[in-house]
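Peer 1: Protein chains in written order, with the working numbering: chain D, 9 to 248; chain F, 1102 to 1446; chain U, 9 to 607.
It is worth saying that the hints were derived from the structure and are not from the lab.
What you are looking at is a predicted structure, and each value in this text was computed from that prediction instead of being measured.
Be aware that one or more of the hints could be misleading.
[Claimed, not checked] Pairwise CB distance ranges (calculated): (1) Gly39(D) x His538(U): 44 to 50 Å; (2) Thr138(U) x Glu1276(F): 31 to 37 Å; (3) Leu16(U) x Ile1192(F): 51 to 57 Å; (4) Leu474(U) x Ala1181(F): 49 to 55 Å; (5) Ser152(U) x Ser1417(F): 37 to 43 Å; (6) Arg135(D) x Ser1104(F): 56 to 62 Å; (7) Ile1192(F) x Val368(U): 54 to 60 Å.
Ideal Cβ positions, reconstructed from N, Cα and C, are used throughout, including at glycine.
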Amino acid sequence: MTTPILTAEDVSVAYGKVEAVRGVSLAIPQGQIVTLIGANGAGKTSLLNALMGLLPSAGRVSFRDEAMASVVAEERVARGLSLVSERRDLFATMTVEDNLELGGFRTAASARAAAMEDVFARFPRLRERRRQVAGTLSGGERQMLAMGRALVGRPRLLMLDEPSLGLAPRIVRDIFHIIKALMQTGVSILLVEQNARAAMQIADYAYVMELGEITVHGPAAELARDPKIIESYLGLGHHR
Amino acid sequence: MSSSIALLLVQDGIINGAIYALLAVALVLVFAVTRVIFIPQGEFVTFGALTLTALEAGRFPASVWLLLCLGVTAFVLDLARGRTKRALIPIARRFAWDIAAPLALLVLALVLAPMKLGLAFNIAMTLALVVPMGPLIYRIAFEALAEASVLTLLITAVGVHLAMTGLGLAFFGPEGFRAGSFTSLSFALGPLFVTGQSLLVLAVAAILMLALSIFFGRSLIGKALIASAVSRRGARLVGIPEALSGKVAFLMAALIGTLSGLLIAPMVTIAYDTGFLIGLKGFVAAILAGLASYPFSVLAAIFVGILESFAAFYSSEFKDVVVFMVIIPFLLWRSLSGTHVEEEE
Amino acid sequence: MSRRSAALALIVLIAVVPVLPGVPAFWISLANYIGLAALVALGLVLLTGVGGMTSFGQAAFVGFGAYTTAVLTTALAWSPWLALPVALLVTALAALIIGLVTLRLSGHYLPLGTIAWGIAIYYVFGNMKTLGGYDGIPGIPALSIGPWSLLDQRVSYYLIWLIVLGAMVLTANLLDSRIGRAIRALRSGAQAAESFGVDTARTKLIAFVYAAVLAGLSGWLYAHVQRAVSPSSFGLNAGIEYLLMAVTGGVGNLIGAVIGAAVVTILKDQLQNLLPLLFRGTGNYETIVFGILLVALLQIARGGIWSLIEPYLPARARPAPDVLASATATEAASVPLAPVAAGSRQDTAPLLSADVIRKVFGGLVAVNDVSFDVRPGEIVGLIGPNGAGKSTTFNLLTGVTHLTAGGVRFAGEGVEGLPSRAVARRGIARTFQHVKLIPDMSVLDNVVLGSHIHGKAGVVSAMLRLDRAEEARLLGDAREQLKRVGMADAADKPAGSLALGQSRVVEIARALCLRPRLLMLDEPAAGLRHLEKQNLAELLRRLKAGGISILLVEHDMDFVMGLTDHIVVLDFGTKIAEGSPAEIQVDPAVLEAYLGGIE
């Protein structure tokens, strides 16, 4: 295992008295895809938000060997941590191009143009739609734009929350191919998915989250053979 | 009513409407970016106008004290809240901006005000004294409430309004002042008597609107402001600091308010509480535009201006009643036509 | 010292202050103003603190009360006592009209509306010749009771504080009633309240008029204590001051209103002495301090002074479950809780049927011509991937969202187009995906909200405590439902202290209070632990055995497969499959929608 780009130790998130994440520890190795799977309400999104600094949390998070405790979300972005959230959080009234340009808000103007070119090359669809307003895009295009916007900022670690959410299977396939390709350019990826089967196929390592805790983790290939994991996450329950 | 009187009333309404339009645009801007319904917008009109009249008369402008008060408060609060890093350089930098700069302006004003250096100096000095109050107010009252509901922010805005009118009274006194015209130009146009000042109002309003549209359409920071307004989370995810958008929005609101104050200073007698009422009429326009659309705010503001001048013609006592009640049927229509499903989360 | 004795001590203190030797007359007059302001602030507690509606315009209602009595007692020489009901009636009418127009305003538009009419009414007062213009009306007679004239500050002190205490008792009674709970429910969202059958528009209006009448009463008293009225006391600034009082004291609490009124009134008096010296001039300099106070309170202590005091007070005594309540509870238990449908389970007539329902949001088809039935005594599951349109379907069936096309029939009757409170009254109860309990209310009070439609008591009977028999019946019912879901022990805990699983079950108990024929559950198992899920499934089976039909939207496959009789699968707003759990598990379309791997 290479040196981790991000480590989380004993991270907890509480909403009032309800603890959504309880003492989670994980490490994301440089240049790999790590997936986090679990049922609805297991606390995956809360964990991502805590790692991003969008939710107050207990425990320690360090990114590229720097403690993140006093670093607000906006500054984590500047340091190379990026989150593509479940809701995409696009600037719906602005054009595709403006959305992408803002993705490079924390990078130098010169680097921004080149990064946008890279994104257009990776998502030719976005180039076709560059003058279109983001709110009028289809579900798959929105996901591409959300990922593209994050990539303009040249992140070191890209966290993707349910990128396949609400998308047709064919588009899901495209998105997963792109994720795999991104990894090959050196970006580390934390992938949260309900579509566990697809996620396990591209991931190097997997964590399983249940009721706010990490219950199992290991190399994705091993976990994919674990009968318990297959029963709970890779099939239609044990009725299959 | 003869048509020439009607024309006069329309002319009057459009000029007032232009001022209301500027204020309405500022209100929409602040609301969109920060969700603050900025009741004290009109106070900048007051402070701008009263600072100008003081400088014109060669008096020391009391707004310096106000700026210094706000600067010290913001400096102390930021330090106490840990928003300024507790290291020498960040503290020194904040001190320079929040306290030393107002002190420098104080000295400048003390020395230069009695010399009556003319209109250009007066305008520059007024802008330098009043505009920085915008971001200072944001830091003092609103920055810590970024997660609060619109309602809490609204009540806070009302609190800021109370404090600012009170301070306006304390520093400027209860008397009203009126500035001299910026230009003595005037001419007759058919039945209308057109003054240079009124043309100036329209020209500045138009230029400001144009500048704003370029700012929002072209500059990255302008786009970042829109982005914060559209999706606060999205803005944070691309690294736009919430406080930056807030400060810029309040800076622009203060700039627009102060310019409006400068423009109407020669046309209306301004006392410590006049600006509030003018600001509220900008509000009526902003609300008529649903606190959302800039072009509609401008149209609504012209409508409010004309409505006011006609109402004043028929019954000067009830003109304000008419202007403020016009929003009720509108609000009613809005809430009846709106969807009633509450947004989850 | 219990709360009761603390309150008693306070009352005694209020009673003896004026007769203590050495108390300056000026204190008494200050206390009078505190009392007058407290009346208005009490109304704001109900309106803003409890009901969630912010008003900057209460001063205008004080003005309605004050001007009405001023005109009647000067120009028409009426007795002040005769003018009192008229003053209250005028205020109530004004509030009714203003309320009808502005209460429909949602969110922040309501307080903006109150600013608008607050200013407008001030100008109306100031410009009406009959009301004396900006000079107002002088020479208003003082109150007198038989031979005692209330010219004496000490006498009016007693009258004012007697009224304040009376208003506090009546308001507390109102809050602790069916209507009071409905007002509380407003704050947690109209959608939840409507789903128990609460007419939220009417409830808002009740709170608004009640608060206005208290303000009008204060105005009537003010006119006769001050013996002159002028518009400046009823302007926007005065309205803001009243809100400041409520926020200062703690906007959710009746005693907080009195504390806030006292603090702000005393502060204002002191500042008016002090600040003009500082600034060498006269004027309303106190607004500086008030403004800063308001901003500071919202940043530091949003719960006001009361929230700082309350932790040090003895805990509120638990009301022992009284005999009457438990008696009716057993009685209620013996009654079949759900009116069993006319036919038996095999009866083929559906209880609920969705008939080609369709919903389009701005060009996007969220629900695409979906049809299905729920038969009496069935548990039906509505499943599908995220974003499949399940929640929208749910909202269409319960009247929360309007259909674009199609029809919904319940028990043989078309219910499409009905508001959700009407749907509730026909026997459909629901729970929410994001639990909508009111955290600072007890579990029992939350549950009894569900029985809103089974009570009749109105405002007056609640204020006068004539509703106790009905209350006992409703509370008994609620306890019974809590017992039924196995949460009887939690009845007196605050709802906010429950874990998610318990909260969901409490929501079911609340829904059961409606005595529904159909229970609709929105993702009841989301976020539950394994054991909690099992218990929930067990509970739902028991309810089914008790004759209740259930429609549930769910994500959790295991949960749905083991529990339901019939399953409807949605994907992208379209029904892709329907059948028994066994059929659904092997349906290729379902497998594709759920799995859709990358190869």
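Peer 1: Would you mind marking each hint as holding or not holding in the structure?
Peer 2: We went through each hint and held it up to the structure:
1. For Gly39(D) and His538(U), the hinted distance range of 44 to 50 Å is not satisfied, since their beta carbons lie about 37 Å from each other.
2. Distance hint check for Thr138(U) and Glu1276(F): the Cβ-Cβ separation is about 32 Å, which falls inside the suggested range of 31 to 37 Å.
3. Leu16(U) and Ile1192(F) have their C-beta atoms about 54 Å apart, which keeps the hinted 51 to 57 Å range intact.
4. Our hint of 49 to 55 Å for Leu474(U) and Ala1181(F) holds, since their Cβ atoms are close to 54 Å apart.
5. Checked against the hint of 37 to 43 Å, the C-beta distance between Ser152(U) and Ser1417(F) comes to roughly 42 Å, which is consistent with it.
6. Distance hint check: the CB atoms of Arg135(D) and Ser1104(F) are about 57 Å apart, consistent with the given range 56 to 62 Å.
7. Between Ile1192(F) and Val368(U) the Cβ separation comes to about 58 Å, which falls inside the hinted range of 54 to 60 Å.
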